[in-house]
Amino acid sequence: MAALVAVTATALVGGCADGGARRDAVSGVAVRLLTAAGDGDGAAACALLAPDTVAALERSAGASCAKAILDEDLPAPTDVRRVDVYGQWARVVLAGDTEFLAAFPGGWRVVAAGCRSRGERPYDCVLQGG
Amino acid sequence: MRRFVRENSLGLVFGVLFALALIGQAFAGHAAFNQQQVADGLPPISFGRYVTSSDFGVDVAENWQSEYLQFFLFIVLTVWLLQKGSPESKSLDEAGTESDKDQMVGVHAPDGAPAWARAAGWRRWLLSNSLGLVMGAIFLLSWLAQSVAGVSAYNERQLSQLQDPVSWPQYLTEPEFWNRTLQNWQSELLAVFSMAVLAIYLRQRGSPESKPVGAMHSSTGVEG
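Chains A and B supply the protein sequences, listed in that same order. According to the numbering used here, the first sequence is numbered sequentially starting from 353. According to the numbering used here, the second sequence is numbered sequentially starting from 1171.
If we strip away everything but chain B, and leave its shape as in the complex, we get:
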């Protein structure tokens, strides 16, 4: 048990932190929603009703979509794009999808490799791109969820201000939708930009996200 926890501590800790943050968001969001209800002369709603509301849904989904977009872009673009001196980049002569030998597929697959790494055709292609595909799919689903929950939350506010609701296609052209979307995208892209560039010159001893402390600033694709 202790060994399992130690060997999986990264996933376990982030899973727990995620759950705690989501629960905290639910309580804070519920309190904020009810503050507005009282200000509008309306009764507070229950916690259960809030966490199944479109208001909570859009707040969750708008952050999820941008996180998965960030990782999707990072995973896919780093196949081809390079950053000299960054541990987030491959070596400067490795841009592209690389050879079968480098990727250990087909006849180069070692014992214990996933079966589809040895297979030919669509199965090898699917395994070869599965991380990007799943991240991209979750991004699109989250963005769809944001738009669906978003139009409902937006229309609830419209009605509370005695204004007309809008349809889902109309909502996709509303500044509200793009403001929610782009404010999340810009922060995620800034984080990737910062990580790729700051890691050229800065170090975090022992972290695989950093170069070794003594590595040259110009060393590319070296993780410590």
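Next up, chain A with everything else stripped away, as it sits in the complex:
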């Protein structure tokens, strides 16, 4: 019975209690990416991207991430409307953008940004890893 309570507690912790600190960290990274890109600071913006996203951007643009990201049509930062954090992944919904982030040793990094919903299908994103 004690084991069941432990598993239930684990489930509840894993399921619901991704605390405010994680949400703040996630939304902070999402907003800083758009702010840096909007300010023309490509290096700062790229430092917030996941490695595969940097690689995909450089491959498609044929230029360094710091240069290429400024040519992407990322929206300006707006109010954060919703943050979802589940395990190693998170989604931040802003008034004008949706971003997907994953957990890395150095903190949350943006895997996809400039995303638009396509209903049941995966989001269509301006910037996307892999």
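These are computed hints drawn from the structure, not numbers from a lab. Quick caveat, the model's predicted, so the values are computed rather than measured. Where hints are given, some of them may not hold.
Stated by the list, open to error - Which stretches of chain B does chain A cover? Using the computed rule of at least three CB atoms under 8 Å from a CB of chain A, they are: (1) 1223-1237; (2) 1311-1325; (3) 1382-1389.
Cβ atoms here follow ideal geometry from the backbone N, Cα and C, with glycine treated the same way.
Using the hints provided, position chain B relative to the given structure of chain A.
The following block gives chain B in isolation, referenced to the frame of chain A:
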């Protein structure tokens, strides 16, 4: 000490086997999770983080709930349902909750019987149904844990595929939830069905789950 081990070997062996299997599942699940992380271009996570994750939680809970459902149904339904020739069934004339004399309660309680077997009212009722109630309660709790951990694990995968997460009520209508649930239920029900029917014709000498080797196939409610 040796006497204690011998007299409790059934519980001790299954307890140890359970712990070993759960530890093995944790290591295998951790390795599988990290394979997926690497495939997604993400860093591996620690063992500690994995065993407190919803991914591990749902994999454990979905099996637990079905096991306890199996035993709950088996315990409760065998009060009334019979299987001719099966040692898992009562004799064909004993269906039902039986008399107080047969169940040794009230004035029929022998010396050394649990105190609540002699008591009247809710206490006797609670003791009389405690096994089914506890098994049923653990089933419901495990199923709840499966759903709570399941929605979190499901949403983690949804986000990794750049798709929307769902709420807990939405998850309860998702094919994923019912696929996890029913694939476990069917295997448990098959096991009970097999045990009830195969034990009519097959024997395991010395096992209380079998009839005596020489018992007739038609003998019901006889354990060896």
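Here's how the hints hold up against the structure:
| no. | hint | verdict |
| --- | --- | --- |
| 1 | 1223-1237 | holds (count 9) |
| 2 | 1311-1325 | holds (count 11) |
| 3 | 1382-1389 | violated (count 0) |
Violated hints amount to a single one, hint 3; each of the other numbered hints is respected by the structure.
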